Amino acid sequence: MNLNLLFSLAAILVLGCVGYFVPNAGLQMFFGVILPYIAVLTFLCGVIWRVMKWAKSPVPFRIPTTCGQQQSLPWIKQNKIDNPSTTTGVIIRMFFEIFLFRSLFRNTKAEIKDGDKISYEWEIFLWVGALAFHYSFLTVLVRHLRFFFEDTLLKEKLFFVGIIETLDGFFQIGLPIVLISGFVLLAAVLFLLSRRVLNPQVKYISLAADYFPLLLIAGIAATGLWMRYIERVDVTAIKQITLGIVSFNWTSIDVMKSVSGTFYLHLFFICTLLIYFPFSKLMHAAGVFLSPTRNLANNSRMVRHINPWNPEVKVHSYESYENDFREKMIEAGLPVDKES
Amino acid sequence: MNDKIKIIAGLIIFVAICLSPFFMGLGSDSNKGPDPVISETAKKKGKCILEKTEMAKQHMVILDQWRNSVVRDAQRVYTTKDGKRFDMSLSNTCLDCHDNKKEFCDRCHDYASVTPYCWDCHINPKEVK
Amino acid sequence: MVDVVKPEEMIKIDPTPPSTNWMDVPPDFSPGKFPYPSQAKSLEAVGFPNAREWSPADEDWKLPENWQQIIHEGFKERLDKYRSLKVFMDSCVRCGACADKCHFFIGTGDPKNMPVLRAELLRSIYRNDFTTIGKMLGKFAGARKLTPAVIKEWFSYFYQCTECRRCSVFCPYGIDTAEITMMARELLHLLGLSIHWIMDPVSNCNRTGNHLGIQPQNFKEIIEFFCEDIEEITGVTLNPSFNRKGAEVLFITPSGDAFADPGTYSFMGYLMLFEHIGLDYTLSTYASEGGNFGLFTSSEMMKRLNAKMYREAERLGVKWILGGECGHMWRVINQYMGTMNGPANFLEAPVSPITGTKFENARDTKMVHIAEFTADLIKNNKLNLDPSRNDHLKVTYHDSCNPARGMGMLDEPRFVLENVCNNFHDMPESTIRENTFCCGSGSGLNTEEIMDLRLRGGLPRANAVKYVHEKHGVNMLSCVCAIDRAVLPPLMDYWVPGVDVCGLHELVGNALVMEGEIEREMDLRMEDLPGKEGDSDE
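Residue numbers (this note's numbering), protein chains in the order written: chain A, 27 to 366; chain B, 192 to 320; chain C, 210 to 747.
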């Protein structure tokens, strides 16, 4: 019995019922306007709170994990990215880490073969899945900006939103055009979820807190796809609601009532995600920036790193040492500071 | 700690990006929604090929089906539920009644920032004149 | 000592996790499964709290009365002191990429040896004590109450981690289990829970200046004994100095090299090299330890032991410090020393007196690794080398964890090797350089009673050696770490019989053609050089 998975599934089902049925029982104003404000506020304050909490603790030592040749003698070729000794190097390393998941790219799978040979094969699927997940999520997010800005602004200033949507619909299948990112997102989430269910080791370490966000995001993606391709909700009404929220000039309750339960479910899941984010492992998004094994240069032999709480310690001094061994030292012909 | 400045700067950028829709939208009355105009010609005809609510949801699907039907199967005739027959043509059938693309099609499309690629190939006959 | 099963049996590893939730699986404290606890006297010698006699095998660990408070407050203090701990506690997504990167997981199949789960042992308490969600949702949020069973689990598994950082290379957030293990061990030390093999060297080092408790007169004797051997092998007489004021360079190497084979041969190599180039150097009996087992107890203890290097350098008035071959010693020097005990303004930025090369990368710490130093000498043609004297050896190189992943010294030793021997073969890529596998006995775990665990932990390393042994006939595993030199020989005997272990500078010493030396007929181990006895048509 995978209790953690069941617990998360149950939580999603309960949340799903709330999100689908409750708003249309006359609570559109709460679920369509008030809750999104609460969610955004919680998300932003929570993220700031958590990051500042991290920032409050100093980095006492320079502890980069060095993944390549150090800066050494001038004729030895340094690996300036994986073992940076300059800020530029660190920035490049962090760029690769944050945008391309470089460390995950290294992933191997250790296996004992032929009874006594350990092999380490390159294991790329986790990296592919993770990259697909994060980038499709980002694309979906950027595309959704069209609901939060007026058209003139989108056309004149934020044209990247249109470009991304055009690229996303590159294959021009059907009408409304199939945007691949939504499907990739759902597929990637399901892949990541399947690892947690099928791989015995990953299953063993998975907590409810690991299944829950995956299921939640799967729910968000699924309801989104449902609205666009099957239910075909009225996007103008939805944009009235979203623009109403961002302009603090809410749309009429009639419009809010005209929108289907799927939309409120979609929105409710998103609000849940936003509220949940700062208090969960999803904060890895910010954590990756602050990881001292990645964001520091390996130059602590060149430039002194300062530890703000560097403690005073009691060192066994040479004097006490000589006092302890003076006679033996003199006898052995070792020089001493004091003859007796 | 001098890295606190960097961290705070990062947070400010992040929050600014997240709140940008609010800054840009403040005080706008864009919540009113689009206001498509049914042209006189269309009003005279009285009835479209489907009910209004259905058309709102399905028009893009129908146009897609029409295109496939015409281009791939050379079938050009659409029959409505009540037996009326229409030529499957955006320019000649739809735009014949809805002869005000700017006030009809574009109003909603623009509001929702939808950029249908119909007009990549088709032209609005009214605009040519 | 517990009997160890045969290699064919040991390698049958089942990595299938048990069906029970990990929180409900107790650790194994049967004989051979735990390192011996430290004696009260070694804790008292350095002023560590809650010293007492106890055993992990006992049901009652005699924890101090307010032990929960001690852990809670100690945890909080460390969260406030180390951003790494906070970020690592909060960021893990349990993707599992680290799981099969750990040599202990590969060798034991025990799921709690997956780095992620090892960290969860600590994280579960963090969630319970310091996060709202953890307090609210308990087990479902991965939180659990602090019980004596948790402390026992910590003791078991944080002494099954060698702080090698291999998992950290593969973690997408750079989570470093070494950091987590260090924190957990610090917490355990607050309760007086530590192991003999670490605390004994620490208290020795504090008093005598080295882990092994070698007193000054004995240290001198040992070195003089090496000089006699060198004279017998090469015909050259050496007169190293001790505690000499005014020398240009202070040389510090792990005391293991003075104590046991094959480290001793490396020490002889150092001495011969210094003689050959005429280096103005001295050895210290007060700072006669390069290594730092304090690193395996607490950052303060590490600082206390490390401080002696600078203090002695200042007292003797040397210009800079040269460091010998040692693994964790260089983690300390490269990443902690300047911060903890610097700035060493009484020293000068290191310049090789032989080649004039300025060691820019050590300009603040003022301490140079001997592999860097020797590589520079070779590059500038300052050494007269005859690599054919190592022709009977087919050599491979084990990157020690700390110089590899806490420093990045990868090509210097390889450059030296390529110049002092003719047969050098690297092991497969996924087992060397930043991907190197631990010897299985690092971070103070090189103690006899857990030989089974050590052999399992060393399996990935040994298996890679076996690969080059079978493919290229490799018979010598070189390394730059004193713990490696102590623990790899039994590891090789067990998994890859026929492969010997040596330090880098043993091979340098063998190849070095010294001024005024006699025809070499023996290597530094005083074994006959094949083809050299009586054969002199060079």
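Simulated from the structure, these hints should not be mistaken for laboratory data.
Hints are supplied without guarantee of correctness; some may be wrong.
Using C-beta positions, here's what the derived DEER-type ranges look like [to be verified]:
id	chain 1	residue 1	chain 2	residue 2	range
1	B	Asn283	A	Ile117	55 to 63 Å
2	A	Leu67	C	Lys285	22 to 30 Å
3	B	Asp255	C	Ser228	32 to 40 Å
4	C	Lys344	B	Ala200	46 to 54 Å
5	C	Gly347	A	Leu224	50 to 58 Å
6	A	Thr112	C	Asp709	16 to 24 Å
Note that this is a predicted model, so its numbers are computed, not measured.
Note that CB positions come from ideal geometry on N, CA and C, so glycine has one too.
Item to check | Pairwise beta carbon distance, Lys344/C to Ala200/B, judged against the given window 46 to 54 Å | outcome: Taking Cβ atoms as reference, Lys344/C and Ala200/B lie about 33 Å apart, which means the hint is violated.
Next on the checklist: 22 to 30 Å was suggested as the range; check whether the CB atoms of Leu67/A and Lys285/C agree with it.
Outcome noted: Holds, at about 29 Å.
Checklist entry - So does Asn283/B sit 55 to 63 Å from Ile117/A, Cβ to Cβ? => result About 59 Å separates the Cβ atoms of Asn283/B and Ile117/A, which means 55 to 63 Å holds.
Item to check | CB-CB spacing for Leu224/A and Gly347/C relative to the 50 to 58 Å hint | outcome: Violated - the Cβ-Cβ distance for Gly347/C and Leu224/A, about 27 Å, lies outside 50 to 58 Å.
Next on the checklist: Between the beta carbons of Asp255/B and Ser228/C, is the distance compatible with 32 to 40 Å?
Outcome noted: Violated: the Cβ-Cβ distance is about 52 Å, outside 32 to 40 Å.
Checklist entry - Between Thr112/A and Asp709/C, does the C-beta distance stay in 16 to 24 Å? => result Once the Cβ atoms are compared, 41 Å apart, the range 16 to 24 Å for Asp709/C and Thr112/A is violated.
Hints 3, 4, 5 and 6 from the list above are not met by this structure, while the remaining hints are.
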